[in-house]
Amino acid sequence: MKLNGSQMICESLIREGVDVIFGLPGGAILPLYQTLPEYPKLRHILVRHEQGAAHAADGYARVSGKPGVAWATSGPGATNLVTGIATAQMDSIPIVVIVGQVSRASIGSDAFQETDTTGITLPVTKHNYLVMSASEIPQIIKEAFYIANTGRPGPVLIDIPKDVQTEIAEFKYPSEIDLPGYKPTLEGNGAQIKRAAKLIKESQRPVILAGHGAIFSNAYDEIRELAEKAQIPVITTLLGISSFPEDHVLSVGMPGMHGMAYASLAIEEADLLIALGMRFDDRITGKPSAFSVNSKKIHVDIDPSEIGKNIKVDVPIVGDLKRVLAKLNLEVDPNTHVEWIQHIEELKRDHPSMNIRATEKLLPQYIINQISEATEGKAIVVTGVGQHQMWAAQHYVYTEPRSFVTSGGSGAMGYEVPGAMGAQVADPGRVVWSIAGDGGFQMTMAELATLVENKIPVKFAIINNQCLGMVRQWQEFFYDKDYVATMYTNNPDFVKLAEAFGMLGLRVSDKTQVRSAIEEAISYEGPALIDFMVEEEENVFPMIPAGQTVQDMIEENQPEKVR
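The opening residue of the sequence shown carries number 2 in our numbering; numbering runs sequentially from there.
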């Protein structure tokens, strides 16, 4: 059948199972927007800023497991997406971004709102396209979704000139994909899997280190089976949180710069490290040459470029984690590591990282602990970046898959508002809490209007220390408390702000008010915001300073150790 380019886009998206789009119109993408009323199956959520569209699509993808979709116009519309695209690229999130471009004849002429979008986004996309003919649209969209959601996932951008959106051509949606240069390895090498099973059998002090890939591949059952069958403690990276239930007896928490001391020490003392779908990020390894030097290492990852990139391993296995573990679990013998597990319990007792000190002061750790208890660990928690992110990773007990959503690799402040919006749209039946810093919250708080307009009931906990908390902590430790450009002296009244947007707004400045405010926000039908006025100079512990080792870990407030 004959369709114009805009109709082809909408038809193609529906065939890929898309049900929601986050976007903001402009001149170069108007033909596509004007076509939307013909396709009621496509729900469009009008954001207030294109960065919000990209982060919302990202949050939607993390929770749903499906590619998120964002639209924007050319020029500044496209460039406003870049932070969100880069966030998705660093964290391997499948999103498909469609942007308008000036007409074909105007490309290269510095036309109004012209930008080389494919050139700008080339370093921060898994792949991108400039579409020069309407007849190419079905094939390109089919490829885009396939590339975004297979192998190591990632963002794909499609740049479509305005006149291509109105050009009429024959619509033929392909049933298959043939990309000769793109063939992700899924199954894993059988001989390497047997070698891994042998190392597991021989080990006395094994640990599993599960990363974001465990969530991408939906390998929850397989990781649990391996852990329980061979009695192996499970540690998760920041982005691996919620890949293994934290109320499980074998859960050891998160290691690294701000991870639990006992998790980092367990990695240090292990004789076998089983790395599953993680990339040995510097926040985990610290000083790579001194990282877990006494352990042999098995590394399973779908991206061959990650294996051996940062840490040398003994048994590399390239493949989809769920499929590899299904085979590995058949090879692994049942085992017990009673002494090792007891030793880790002793480490937990000797290094009680998660204790919240007794005080009448309002502490962020206590707030997050209370949110965890009130939601029984079953909420989706979305954070920005900084101290509140680390406290949310530490003090909420995650018991459900895909329940911790945060900007890990790129560390994008401002993720907490639109990311939570996308997460809630992906799973409207669950409670979504956005744990926000007062700094990052102000970067994208315009999306509160989007939440209210679309009746998206996200609950916000602003950890309001009236400063850039993590920057302040580093300045305290490494710059002799020389607080430059860190303190906010004129934050808005966040309660009045919430009310102005049409939300419930609450303020808590006393510890005794915390639980009742949380429960009031949960029971409120729409979006709600709680402004928690916390201690300004509270620090995140434990802390391993950047580039250092477990031996340099600070477990309490002793910044003199790093001077």
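Don't read these hints as lab results, they were simulated from the structure.
Hints should not be assumed to be uniformly reliable.
[Claimed, not checked] Using 30 Å as the maximum straight-line C-alpha spacing, the simulated DSS-like pairs for lysine-lysine come out as follows:
1) Lys-173 <-> Lys-230
2) Lys-288 <-> Lys-298
3) Lys-173 <-> Lys-184
Verification of the hints:
no.: 1; hint: Lys-173 <-> Lys-230; in the structure: 50 Å, violated
no.: 2; hint: Lys-288 <-> Lys-298; in the structure: 17 Å, holds
no.: 3; hint: Lys-173 <-> Lys-184; in the structure: 24 Å, holds
Figure legend: structure checked against the earlier numbered hints; the only hint not met is number 1.
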